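Number of protein chains: 2
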Amino acid sequence: MMSAATRPLIGKLVICGVGLIGGSFALGLRRAAAVGHVVGIGRRRQALERARALGVIDEIATDWAQALAGADLVLLAAPVGQMDVIMAAMAPHLGPHTVVTDAGSTKRDVVAAIHRHLGQHLAQVVPAHPIAGAEKSGVEAAFAELYCGRKVVLTPLAQSRPEAVERVRAAWQACGATVVDMTPQEHDHVFAAVSHLPHLLAFGLVDELARRDNASVLFSHAASGFRDFTRIAGSHPEMWRDICTANRVALLAELDAYRDELSRLRAMLEAADGDALEAVFERARRARNAWAEGLPVHTQAAE
Amino acid sequence: MMSAATRPLIGKLVICGVGLIGGSFALGLRRAAAVGHVVGIGRRRQALERARALGVIDEIATDWAQALAGADLVLLAAPVGQMDVIMAAMAPHLGPHTVVTDAGSTKRDVVAAIHRHLGQHLAQVVPAHPIAGAEKSGVEAAFAELYCGRKVVLTPLAQSRPEAVERVRAAWQACGATVVDMTPQEHDHVFAAVSHLPHLLAFGLVDELARRDNASVLFSHAASGFRDFTRIAGSHPEMWRDICTANRVALLAELDAYRDELSRLRAMLEAADGDALEAVFERARRARNAWAEGLPVHTQAAE
Chain A
1 MMSAATRPLI GKLVICGVGL IGGSFALGLR RAAAVGHVVG IGRRRQALER
51 ARALGVIDEI ATDWAQALAG ADLVLLAAPV GQMDVIMAAM APHLGPHTVV
101 TDAGSTKRDV VAAIHRHLGQ HLAQVVPAHP IAGAEKSGVE AAFAELYCGR
151 KVVLTPLAQS RPEAVERVRA AWQACGATVV DMTPQEHDHV FAAVSHLPHL
201 LAFGLVDELA RRDNASVLFS HAASGFRDFT RIAGSHPEMW RDICTANRVA
251 LLAELDAYRD ELSRLRAMLE AADGDALEAV FERARRARNA WAEGLPVHTQ
301 AAE
Chain B
1 MMSAATRPLI GKLVICGVGL IGGSFALGLR RAAAVGHVVG IGRRRQALER
51 ARALGVIDEI ATDWAQALAG ADLVLLAAPV GQMDVIMAAM APHLGPHTVV
101 TDAGSTKRDV VAAIHRHLGQ HLAQVVPAHP IAGAEKSGVE AAFAELYCGR
151 KVVLTPLAQS RPEAVERVRA AWQACGATVV DMTPQEHDHV FAAVSHLPHL
201 LAFGLVDELA RRDNASVLFS HAASGFRDFT RIAGSHPEMW RDICTANRVA
251 LLAELDAYRD ELSRLRAMLE AADGDALEAV FERARRARNA WAEGLPVHTQ
301 AAE
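For the record, the sequence lines run as chains A and B. Going by UniProt numbering, the residue at position 21 of the first sequence is 21; the numbering climbs one at a time, nothing skipped. Going by UniProt numbering, the residue at position 182 of the second sequence is 182; the numbering climbs one at a time, nothing skipped.
Chain A on its own, in the form it takes in the complex (with noise of 0.2 Å):
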């Protein structure tokens, strides 16, 4: 037996998707020295075979009863669509001491797979969403101090084992990042406003101008002020629209609260109306620069 000093965090981690996110996990344990072996299994081999010649996986799992053979955890961290498919392909071969953890954008959709093929395992699943990300995707984009300084939400199980729930804790935090714990409602809510519309915002401002005849006149002048605004329109489009159809309920809520948004706006425009878009720009500025700072961001009153 290993004695405490040498045994790492994670003894054997599989990797299910070894892209930007789940490659990057990869990084952080191993710059911790959290992790002993690493397995990638996925979709494409040749993303596998990149993974493992830059260093992030040691070996490519060529079906699951081989990944799962003694390993202590397993990251599924390809987009939520996908979640069904591989939740089904595993759940034959997971013994009971492999922790499952996910790195799904959206939650309660893969807490409903969890429940639909793992029903049997539910103590040691643990749902989780690191909250980073980068306009680049795959493996190449990995590095390991992506999760530095980033949240983690963790959106356990009632069933899931207290162990297994400190386990990816313990993991993400070896990765740098601070964990904080939701349930799948209040995550899935939370993120539909912060994060989900303003990506699909985004793509629909870049489609939108992209369609047009004089795209090439519009995108030349198109300055720093756009780049920042539309960098997150260069995400990874199936795991958007794995995104979006998954949290679709909550997304439309919050489109459509924007929406109302941009009626009231437009409406203060058509009355050319300066000092009421002047206080929904100042409101604005304050919430957004507190936030930039660090501070908590209070209500604003509307006029």
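Rather than coming from a laboratory, the hints here were simulated on the basis of the structure.
Output of the computed footprint for chain A on chain B, the stretches with three or more beta carbons under 8 Å from beta carbons of chain A: (1) 195 to 207; (2) 219 to 231; (3) 240 to 251.
Using C-beta positions, here's what the derived DEER-type ranges look like: (4) B:GLN120 <-> A:ARG212: 35 to 43 Å; (5) A:ALA272 <-> B:ALA267: 30 to 38 Å; (6) B:GLU270 <-> A:PRO96: 36 to 44 Å; (7) B:GLY95 <-> A:ASP213: 44 to 52 Å; (8) B:ALA267 <-> A:ARG227: 26 to 34 Å; (9) A:GLU270 <-> B:GLU166: 40 to 48 Å.
All figures in this text were calculated on a predicted structure; none of them were measured in a lab. Glycine is no exception: its CB is placed at the ideal position from the N, C-alpha and C atoms.
Starting from the structure of chain A, add chain B where the hints point.
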């Protein structure tokens, strides 16, 4: 008479509105040794005192007669809503050798104000718009390199003297900018789409979230995507009030086109049509990535 070697491009420069934009212009010219003496004039004595303390200006003018005496170039760098008042005040004191330019973010309204107040001086007026900014405003945020590698749009009047146009062009080039010419109409349509609309959308999103009862929870979970998307919501409210009202007709058209896009996205979400959403996201990502790499963005055919 000074020798050509020691005579700077601009002997005496007047900046009306010494904030980020005007202050950075003065600092950029100083860095290039392209300006002799810099005079500041404006609404707020305190801001001018700070500008002088920071070395951005050499002298504070208390009236236009003092400011304009012997001036080679005047830059009007105040919010566009103040242009009428400013031009009316300066007109009686404007000698024939002083070239007048501005940094207004809209151009048709500035050109209209020029015709109203400087009709006797059209040959010496060259409207312009530097495509640069930051979420910080005020002279403390000014720096000499703000315009390096940025574009400046000139919208010369039919009556602008070639020497006046060249003086303005040379000054911006001395700041490191690339100068392009457009008509005021082209300018206002293009920037309604790629600048004014994104600002309105970002202000609107932050405002809408900040007015909610759970604003502090929402903002506490916002991450890097939100940060970049909303950076421009930290912009100067008065400046953006003026831009929105000055360019309201073009901006209304852009807002309506965007609202149509959101209606299309809403229908896709409602129908849980993942393929249609993914096609939008893929098109947007392609355009955004091409643009970010400095490639031309060709019109994308909608499916």
